[in-house]
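Chemist: For this one, chain A is given, so just place chain B on it according to the hints.
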Amino acid sequence: MKRWQPVSVLSDIRRGEVAGVRIGGREVVLWREDAPTPTLHAWEDRCPHRGMRLSFGFVRDDALGCLYHGWQFGGGARCRLIPAHPQVRVPASIHVQAYGVREHAGLAWVSMDGAEDFPAEGTGPGNVLPVRTLHVNAPVGVLRHVTGIAPDAGIAWHGPVGLAVHEPAAGQAMLHVVRVAAAQDVSPLALSRWAERLRDAVESGAATAAVMNELAAGERA
Amino acid sequence: MSAAMVLYDWTPDVRCYAVRLGLSLMGMTYEVRAVDMDLPMAQRPAGLRPGERPPLLVAGGVRLSRPGAIMPFIARQPGVARAWLDPAHEWAILDWLDFGAAALDTMAAARDIAFGTTLPVLPPMGALAAALRRMEDHMSARAMEGHDWFASPAASIADVVLFVTFALTVDLGVERDTCPALRRWARRMRGLPGFMVMPGVPDYA
Numbered sequence: 000m001k002r003w004q005p006v007s008v009l010s011d012i013r014r015g016e017v018a019g020v021r022i023g024g025r026e027v028v029l030w031r032e033d034a035p036t037p038t039l040h041a042w043e044d045r046c047p048h049r050g051m052r053l054s055f056g057f058v059r060d061d062a063l064g065c066l067y068h069g070w071q072f073g074g075g076a077r078c079r080l081i082p083a084h085p086q087v088r089v090p091a092s093i094h095v096q097a098y099g100v101r102e103h104a105g106l107a108w109v110s111m112d113g114a115e116d117f118p119a120e121g122t123g124p125g126n127v128l129p130v131r132t133l134h135v136n137a138p139v140g141v142l143r144h145v146t147g148i149a150p151d152a153g154i155a156w157h158g159p160v161g162l163a164v165h166e167p168a169a170g171q172a173m174l175h176v177v178r179v180a181a182a183q184d185v186s187p188l189a190l191s192r193w194a195e196r197l198r199d200a201v202e203s204g205a206a207t208a209a210v211m212n213e214l215a216a217g218e219r220a
Numbered sequence: 000m001s002a003a004m005v006l007y008d009w010t011p012d013v014r015c016y017a018v019r020l021g022l023s024l025m026g027m028t029y030e031v032r033a034v035d036m037d038l039p040m041a042q043r044p045a046g047l048r049p050g051e052r053p054p055l056l057v058a059g060g061v062r063l064s065r066p067g068a069i070m071p072f073i074a075r076q077p078g079v080a081r082a083w084l085d086p087a088h089e090w091a092i093l094d095w096l097d098f099g100a101a102a103l104d105t106m107a108a109a110r111d112i113a114f115g116t117t118l119p120v121l122p123p124m125g126a127l128a129a130a131l132r133r134m135e136d137h138m139s140a141r142a143m144e145g146h147d148w149f150a151s152p153a154a155s156i157a158d159v160v161l162f163v164t165f166a167l168t169v170d171l172g173v174e175r176d177t178c179p180a181l182r183r184w185a186r187r188m189r190g191l192p193g194f195m196v197m198p199g200v201p202d203y204a
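First to last, the protein sequences are chains A and B.
Its first residue numbered 0, the first sequence is counted upward by one per residue in numbering that gives the first Met the number 0.
Its first residue numbered 0, the second sequence is counted upward by one per residue in numbering that gives the first Met the number 0.
So that you can see chain A by itself, here it is in the shape it has in the complex (with noise of 0.2 angstroms):
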């Protein structure tokens, strides 16, 4: 089936900043370009060189160079320069595998089997921000069906929070937490000590209906 996966909060990958993340066990490497329009890419987390992963590495204006060697990738994954040798026109074969990736709600959303369409593009509210991605130690299905989250959905919006899963590896989650940014009394500490509170209830299996109502209730306090 393909699909798009919630993998991270927008403001965990901002201008010039590269960061690994996993997706089902697989390693990818998020990052965004230091330019005045920074376009955000998703590309497997291994240099085709050594098998360095790409998240050691670093931002260079649009490209993202390797720590190993210095190999530069340009925007469209192939490699454009080979440091110890400047002058060699580098083969397009060169390359690394690049994913789709879509900005929306104040996340990164990759897809890693070639999803064209982005059916969430349009939908929910507008002008969301993010507010901070946990790490939950528990299967990702749990989280979903504690948070709401349907089978063929994304994001579970409530009131003005949204919530989203992607599984890292088998047994984990990670849960991404997004509000509306018209929304002025939902303080974004709040929501994330509420955040943390849910995430050791599923961890140590308590409870967590209370958690959920706080939301509903509006006691994100």
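Some hints could be false.
[Claimed, not checked] For each label pair, taking beta carbons as the anchor points, the in silico distance ranges come out as:
{"hint": "1", "chain 1": "B", "residue 1": "Ala91", "chain 2": "A", "residue 2": "Ala34", "range": "33 to 43 angstroms"}
{"hint": "2", "chain 1": "A", "residue 1": "Val141", "chain 2": "B", "residue 2": "Pro123", "range": "15 to 25 angstroms"}
{"hint": "3", "chain 1": "A", "residue 1": "Pro118", "chain 2": "B", "residue 2": "Ala101", "range": "43 to 53 angstroms"}
{"hint": "4", "chain 1": "A", "residue 1": "Val87", "chain 2": "B", "residue 2": "Arg186", "range": "26 to 36 angstroms"}
[To be verified] Okay, the calculated bits of chain A under chain B, using three or more residues with CB under 8 angstroms as the criterion:
{"hint": "5", "region": "19–31"}
{"hint": "6", "region": "186–195"}
Derived from the structure by calculation, the hints contain no laboratory data.
Since the structure is predicted, the reported quantities are computational estimates derived from the model, not experimental observations.
Ideal placement from N, C-alpha and C gives every residue a C-beta, glycine not left out.
Modeler: Positioned in the frame of chain A, the structure of chain B alone reads:
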């Protein structure tokens, strides 16, 4: 003339790295006596007394072995920027320093288990995972309040010790994507003048 400060240093030891990093960030000059704890006693530097092990910082009549004591001692030396132990945030800094020093001990013990075996065995991670989570939650909140560092407006000695704990948990299988707030903070640490690495702590990432 001998240097005012002498560090008995064992390169791969994580507490020694914390002390080297602190000395470097705070711009101290010191003399190093390299120690290899894998060698017999007779081949270790004569200045190291029986029972003493690196890190050991000797300055005047003072002999300090614990990062939690060495850091404030360095921060109070003349010429060191006050911000490392900012008097306005001293208690918060010392509180996180103590937390970090305890977490560093836990991490050192876990590394000894992980690296001391002939098979790749992961040690029990419960205490360390709990410490990292407390750090992650704290730095998430700090970021939302507009702060960049653990306990004060600028980098402090608490950040130094906490950084070493976080950076070397990579060797124990802690994936970086589980700690996004700490990853951002660690990147900031790497950008400080005088930042230095040790084996297991890459220059970047």
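Chemist: None of the hints should be skipped; say for each whether it holds.
Modeler: Structure-based check of all given hints:
no. : hint                                        : in the structure
1   : Ala91(B) <-> Ala34(A): 33 to 43 angstroms   : holds (39 angstroms)
2   : Val141(A) <-> Pro123(B): 15 to 25 angstroms : holds (24 angstroms)
3   : Pro118(A) <-> Ala101(B): 43 to 53 angstroms : holds (49 angstroms)
4   : Val87(A) <-> Arg186(B): 26 to 36 angstroms  : holds (32 angstroms)
5   : 19–31                                       : holds (count 3)
6   : 186–195                                     : holds (count 5)
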